[in-house]
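Protein chains in written order, with the numbering used here: chain A, 1 to 465; chain B, 1 to 465; chain C, 1 to 465.
The hints are simulated quantities; they were obtained by calculation from the structure and are not laboratory data.
It is possible that part of the hints are untrue.
A pair holds if it fits inside one copy or across any two, identical chains being indistinguishable in the list.
As the list claims (entries may be wrong) - Straight-line C-alpha distance at most 30 Å; calculated DSBU-like pairs for lysine-lysine:
(1) Lys389 / Lys339
(2) Lys16 / Lys372
(3) Lys290 / Lys13
(4) Lys229 / Lys444
(5) Lys120 / Lys389
(6) Lys390 / Lys120
(7) Lys390 / Lys451
(8) Lys242 / Lys290
(9) Lys229 / Lys290
(10) Lys390 / Lys191
(11) Lys16 / Lys229
(12) Lys444 / Lys290
(13) Lys16 / Lys339
(14) Lys120 / Lys451
(15) Lys16 / Lys390
(16) Lys269 / Lys390
(17) Lys13 / Lys229
(18) Lys415 / Lys113
(19) Lys389 / Lys13
(20) Lys389 / Lys372
(21) Lys242 / Lys41
(22) Lys13 / Lys191
(23) Lys341 / Lys120
(24) Lys389 / Lys415
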Amino acid sequence: MNQAVILAGGQGKRMKAPIPKPMFQVLGEPMLEWVLSACEKGGLERICVVTGYESEQICSYLGDRCATAYQAERLGTGHAVMQTIPFLNEGANGNTLVLCGDAPFIDAATISKSLERHIKENNAVTVITAEVADPTGYGRILRTDSGIAGIVEEKDATDEQRAIREINSGCYWFRTSDLIGLLGRITNNNKQGEYYLTDTIAIALESGLRAGAFRSDNPDVVLGANDRKGLLRLNEAARMRKLNDLMDEGIGIVCTDGIIIERHVQIGKGTEILPSTIIRGNTVIGENCKIGPNCVIENTVIGDNVTLNTVQAYDSTIDSDVRIGPYVHIRPNSHICTKAKIGDFVEIKNSEIGEGTMIAHLAYLGDSDIGKHVNIGCGTVTVNFDGLKKSRCEIGDHAFIGCNNNLIAPVSLGKDCYTAAGATITTDVPDYALAIDRGTLHIKEGYTLRKFAKRRDENKDETKE
Amino acid sequence: MNQAVILAGGQGKRMKAPIPKPMFQVLGEPMLEWVLSACEKGGLERICVVTGYESEQICSYLGDRCATAYQAERLGTGHAVMQTIPFLNEGANGNTLVLCGDAPFIDAATISKSLERHIKENNAVTVITAEVADPTGYGRILRTDSGIAGIVEEKDATDEQRAIREINSGCYWFRTSDLIGLLGRITNNNKQGEYYLTDTIAIALESGLRAGAFRSDNPDVVLGANDRKGLLRLNEAARMRKLNDLMDEGIGIVCTDGIIIERHVQIGKGTEILPSTIIRGNTVIGENCKIGPNCVIENTVIGDNVTLNTVQAYDSTIDSDVRIGPYVHIRPNSHICTKAKIGDFVEIKNSEIGEGTMIAHLAYLGDSDIGKHVNIGCGTVTVNFDGLKKSRCEIGDHAFIGCNNNLIAPVSLGKDCYTAAGATITTDVPDYALAIDRGTLHIKEGYTLRKFAKRRDENKDETKE
Amino acid sequence: MNQAVILAGGQGKRMKAPIPKPMFQVLGEPMLEWVLSACEKGGLERICVVTGYESEQICSYLGDRCATAYQAERLGTGHAVMQTIPFLNEGANGNTLVLCGDAPFIDAATISKSLERHIKENNAVTVITAEVADPTGYGRILRTDSGIAGIVEEKDATDEQRAIREINSGCYWFRTSDLIGLLGRITNNNKQGEYYLTDTIAIALESGLRAGAFRSDNPDVVLGANDRKGLLRLNEAARMRKLNDLMDEGIGIVCTDGIIIERHVQIGKGTEILPSTIIRGNTVIGENCKIGPNCVIENTVIGDNVTLNTVQAYDSTIDSDVRIGPYVHIRPNSHICTKAKIGDFVEIKNSEIGEGTMIAHLAYLGDSDIGKHVNIGCGTVTVNFDGLKKSRCEIGDHAFIGCNNNLIAPVSLGKDCYTAAGATITTDVPDYALAIDRGTLHIKEGYTLRKFAKRRDENKDETKE
């Protein structure tokens with residue numbers, strides 16, 4: 001049984017927010033989620049998260065996804081792992097990976113390859129390491145011919161040791177039975193009065209156990225953040241990595257400025273992303289689309305050859321060959337069918353917009369089922385709320401809905417029907433019918449000569465808003 | 001009496017605009033303003049700005065905030081200071097700081113600490129200096145055991161002197177009485193035929209007066225701009241410094257692209273700023289807000305827990321727990337009360353929007369007082385201008401205003417009143433009343449069979465906008 | 001006769017799109033276009049483009065702008081040029097420049113100066129070269145006292161040769177008659193079985209012909225892209241070069257994030273461009289404008305002192321002193337006359353908007369001719385499409401059009417006419433007339449006391465959207 005303990009009790013005081021540090025987000029997900037999902041993807045069967053500061057936020061986030069242990073006092077990393085001894089005992093005949101919940105870039109390959117090495121070398125403990133250009137501030141790895149002689153902290157290092165560029169990531173594989181024993185032997189006889197997990201390595205070596213090191217190909221495994229500027233750097237690193245991955249897959253980006261694409265987003269080749277576009281969650285975008293500038297897309301499934309220019313879309317489906325924008329808001333549970341065209345200043349909410357339907361400007365379609373090849377006039381709105389309840393509108397194929405209409409839901413407009421500009425549709429309209437409620441237009445000649453005579457002369461060249 | 005002379009007569013030809021160089025903006029304020037406010041914050045009691053090129057622009061900007069002197073011909077920095085002799089004479093028994101109006105990053109701490117040193121060392125002149133990585137192009141400071149031996153310009157420097165990385169910022173403290181005397185002794189016997197203020201240092205030393213140097217902790221004190229690219233660099237420096245300060249205070253930024261926050265803006269901790277967001281003037285934002293992407297906020301006071309997604313807001317107040325956006329325009333003198341929710345394509349102008357009121361889409365509320373928990377229908381507009389004058393609308397608490405209404409101001413709608421979709425409200429509506437002006441809906445069956453018979457068959461799958 | 005052969009047959013597999021590599025875009029134009037226009041600007045009279053992969057895309061792009069030759073099998077650069085022998089023969093008594101269609105930054109000055117050198121030195125072949133900081137991967141130029149001794153590829157180079165920083169751009173001038181001869185002598189006796197154009201140099205030298213090199217001042221002539229990340233780098237280089245050129249001309253940019261300005265765009269001095277603004281095509285912008293943030297401008301001519309705040313404008317003309325935005329869409333063939341003011345959520349399409357006219361909010365003007373100093377009310381739309389055909393609206397000077405009007409085209413509203421809020425204008429309105437079609441407003445007192453009595457009590461503080 002191979003399992004993981006994730007240390008997530010830290011506060012991150014310099015973040016200046018009552019949030020446990022591992023809950024701060026990188027590219028839209030808590031750092032803890034990055035670590036958790038790497039463990040899950042790395043095949044670890046049991047996971048225990050050690051909480052401390054504002055623990056209920058983490059417990060609430062995790063639900064019953066994995067075990068947790070609570071560290072009431074924060075007395076060091078060793079002390080944190082001690083809180084998991086009941087968890088460790090339940091899976092004692094395997095290996096345990098201890099990770100930092102606030103170092104998000106650990107990856108599944110590093111986890112599985114380091115476990116392989118750990119087992120092959122028959123180590124009691126295997127440190128996951130990285131080689132970096134500037135090791136300042138990190139613990140240096142002291143390699144021997146057959147393993148490691150320990151980890152030396154910056155402050156204790158000789159000049160020669162300081163030159164070592166292989167550093168401790170803070171992640172360690174332990175043979176679980178050895179870990180349990182070693183935890184019982186570390187002490188808090190140090191300035192800070194804390195129990196350090198790294199002390200287990202010296203104790204293991206003293207006891208004749210083997211300690212080794214696995215150097216990850218991914219130097220970012222060591223990265224964490226202590227303040228908001230550090231968090232920005234993590235976000236930038238994750239952001240650029242995702243954009244580079246997408247470009248490798250054939251996505252076109254001519255300027256990365258303001259493009260934030262979360263890591264689970266999938267995009268088909270040939271699609272172009274323009275600046276200032278944020279794509280979140282489980283969004284899936286097809287091939288040869290043009291997305292941006294200035295889009296926000298969340299949890300939306302988009303087909304091929306779709307153009308979204310300055311659109312915000314949430315929790316919806318947009319089929320292939322659709323053109324939307326600029327300045328359009330697609331709210332949750334909408335389905336825009338193929339070849340529909342939606343122009344400017346339009347909101348769609350909880351509605352189906354049929355194939356080839358056109359909504360060119362200044363309209364609100366909510367709680368509606370719109371057929372194919374319908375034309376919705378400018379200024380037309382669905383009156384889907386009467387102050388008490390929401391109701392739906394239904395519009396048949398090929399209907400032509402005039403401008404500035406009010407469609408008073410619940411109402412059904414038949415196929416190929418036609419409504420006059422300015423109509424308020426209060427009853428169902430049959431197929432092929434015209435609906436019109438127009439009054440009489442009165443023309444009063446000379447009106448402005450009387451009304452504005454005086455003022456207009458004074459202000460001939462002024463118009464006011 | 002300690003006072004300042006700010007040299008602001010330069011043109012900045014490579015800027016290619018008829019604007020005095022100190023009036024070009026960094027982060028939304030003229031460079032001169034940065035210098036002026038550093039002097040004011042540094043406690044200087046009297047300030048004189050020397051103008052020259054396009055002097056009226058500077059005089060008009062300053063109003064009566066401080067003294068000015070006009071340099072009719074631009075004959076060098078020494079000549080510029082000579083124009084202030086009457087000003088200097090009025091405050092002659094103290095010290096005078098001479099600064100460049102186009103080096104915006106001088107700071108109050110540098111000003112007050114350098115004055116302290118100037119007085120303590122009993123100097124006739126104290127140069128403010130900075131140590132920089134690349135001193136190329138700047139005058140180098142020649143230190144002695146007890147002060148300085150002078151400033152050597154790049155072109156006159158030996159190789160050894162060129163290696164000096166302590167450079168002249170162009171700001172100097174003078175004992176005012178000595179400054180007046182020294183100005184009388186500098187000449188224009190040089191290639192350019194100009195009077196150089198730096199010559200005062202050699203003359204002072206020759207006369208047995210003390211000259212010293214104060215090295216500022218802030219190396220940016222030396223930065224200026226000669227062209228638009230240099231101005232961009234100053235803006236970038238100021239922009240990133242502000243963003244870093246905000247992050248230190250607990251503001252979250254996941255990507256800095258397109259975020260411009262002017263220096264007087266205040267933001268509470270836990271608030272997140274998304275890309276492409278510009279925040280200007282005296283804006284104050286509370287805690288735990290989410291601002292952006294694509295917002296422009298000017299001189300607006302915003303409470304806690306406010307969400308602004310793609311909103312432009314000017315000179316207004318937005319209370320806590322308000323959600324606005326996307327695509328909303330809040331124009332001056334608006335007050336959005338707590339828990340109000342404003343959706344897409346809405347303009348608010350010169351209006352109060354009461355607590356919990358909802359304006360979901362496509363509406364214009366201008367010159368209006370809207371009560372609490374009101375619901376404004378989609379497409380509804382206040383008709384606040386009749387071609388002659390603006391008037392106000394008033395809507396009582398819990399009113400339900402239908403879609404596509406015209407509220408013809410001046411008009412008052414009572415509390416809990418209800419208006420039907422499409423109504424034009426021309427008279428006051430009492431509390432609890434319904435207002436409706438609906439005509440009769442006529443249904444003409446088979447209309448499109450006749451009207452479109454021919455064309456529709458031909459174009460069955462085409463809709464046009 | 002001096003002529004050019006542009007090699008454009010390559011695929012660019014790592015781009016992952018069925019597009020010939022030279023057709024990938026840099027700053028909105030295919031790389032091939034950059035090369036072609038440099039040749040045209042450099043005065044080359046005849047041009048032949050060699051196509052291969054997806055050749056029809058290139059042929060269709062070129063039309064009859066220049067000659068093309070088709071390379072059915074891609075057997076190397078020499079083989080590609082062999083396909084142009086008929087073309088070469090037609091202009092045999094001059095010189096031929098061979099260029100890469102996917103190295104966009106060749107410039108006219110490099111072309112004409114290198115030709116001058118080529119002729120002056122009486123060379124059979126002149127390599128265009130550049131000196132770069134890092135020559136890794138490029139062929140190094142082996143200079144002799146009187147010309148060059150050849151080009152050595154990275155893999156064949158000695159350590160000493162690898163240190164050479166003058167590299168082959170892949171562009172060569174040939175005396176055309178010599179080129180024809182040399183092409184007949186290169187072989188595919190190499191590992192790849194390809195015919196290399198560079199082999200012509202060794203053959204020329206062996207034959208006693210002169211080979212020389214011309215080092216371009218522009219090191220970017222060597223830049224190309226093999227994948228989307230490389231293409232991003234070319235775009236970034238082109239983008240920043242254009243922005244720097246604009247700043248040199250006196251355009252203000254305080255933050256370059258998200259600003260993409262295509263290379264043919266012209267902007268007058270004193271104009272400021274704000275972030276996230278894309279300006280494309282043949283757009284011409286006057287002096288002292290303020291454009292951005294978040295604008296998209298295509299092929300639009302804009303006067304002086306224009307403010308565009310969050311506007312998209314396409315194929316239109318905007319005269320001086322116009323203010324537009326935020327959130328406005330100007331569609332093709334619109335003309336906004338001087339001093340007009342267009343506010344938020346407005347679409348203009350194929351219309352003329354007269355001098356000083358104001359369209360403050362939430363309106364659609366399509367296919368319309370609007371006079372001077374007209375005021376268009378909020379929510380007013382032109383009903384320009386009846387399901388069969390588009391028609392125009394005409395509005396006279398000083399007209400005052402009320403809110404939420406429908407103007408049913410074709411219709412003509414006279415000068416100084418006035419329409420009431422909510423009117424649907426179905427017939428022409430004479431000058432000075434009032435048009436009104438208002439029904440009777442019915443007030444039903446106590447309505448909500450009855451309708452909402454139960455529900456309102458329960459939900460007093462809830463409003464729903």
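task = Go through the copies and call it for Lys120 and Lys451: within, between, both or neither, with a Cα cutoff of 30 Å.
result = neither (96 Å within a copy, 77 Å between copies)
query = Under a CA distance limit of 30 Å, which applies to Lys444 and Lys290: within one copy, between copies, both, or neither?
reply = For Lys444 and Lys290, the Cα distance exceeds 30 Å both inside one copy (51 Å) and across copies (43 Å).
query = Between the shortest in-copy and the shortest cross-copy C-alpha distance, which are at most 30 Å for Lys229 and Lys444: within, between, both, or neither?
reply = neither (68 Å within a copy, 61 Å between copies)
request  = Could you place Lys290 and Lys13 in one of the four classes (within, between, both, neither) given a Cα distance threshold of 30 Å?
outcome  = The answer is between: 21 Å across copies meets 30 Å, while 42 Å in one copy does not.
query = When no copy is specified for Lys389 and Lys415, does a C-alpha distance of 30 Å or less occur within a copy, between copies, both, or neither?
reply = both (26 Å within a copy, 20 Å between copies)
task = With 30 Å as the alpha-carbon cut-off, assign the pair Lys390 and Lys191 to within, between, both or neither.
result = neither (65 Å within a copy, 73 Å between copies)
task = If the cutoff is 30 Å on CA atoms, where do Lys415 and Lys113 land: within, between, both or neither? Let me know, please.
result = Cα proximity of Lys415 and Lys113: none, with 62 Å in one copy and 69 Å across.
Intra/inter-copy verdict for Lys390 and Lys120 if alpha-carbon distance must be at most 30 Å = Neither way: Lys390 and Lys120 sit 64 Å apart in one copy and 78 Å across, limit 30 Å.
ask   = Is it within a copy, between copies, both, or neither that the alpha carbon of Lys242 lies no farther than 30 Å from that of Lys290?
value = Classified as both; 18 Å inside a copy, 24 Å across copies.
task = Go through the copies and call it for Lys389 and Lys372: within, between, both or neither, with a Cα cutoff of 30 Å.
result = both (27 Å within a copy, 20 Å between copies)
key: Status of Lys120 relative to Lys341 across identical chains (alpha carbons, at most 30 Å)   = Neither: 60 Å inside a chain and 61 Å across chains, both beyond 30 Å.
request  = Pop the pair Lys13 and Lys229 into one bin, within, between, both or neither, using alpha-carbon distances up to 30 Å.
outcome  = within (13 Å within a copy, 38 Å between copies)
Of the hints listed earlier, those the structure fails to meet are numbers 2, 4, 5, 6, 10, 12, 14, 15, 16, 18, 19 and 23, in rising order.
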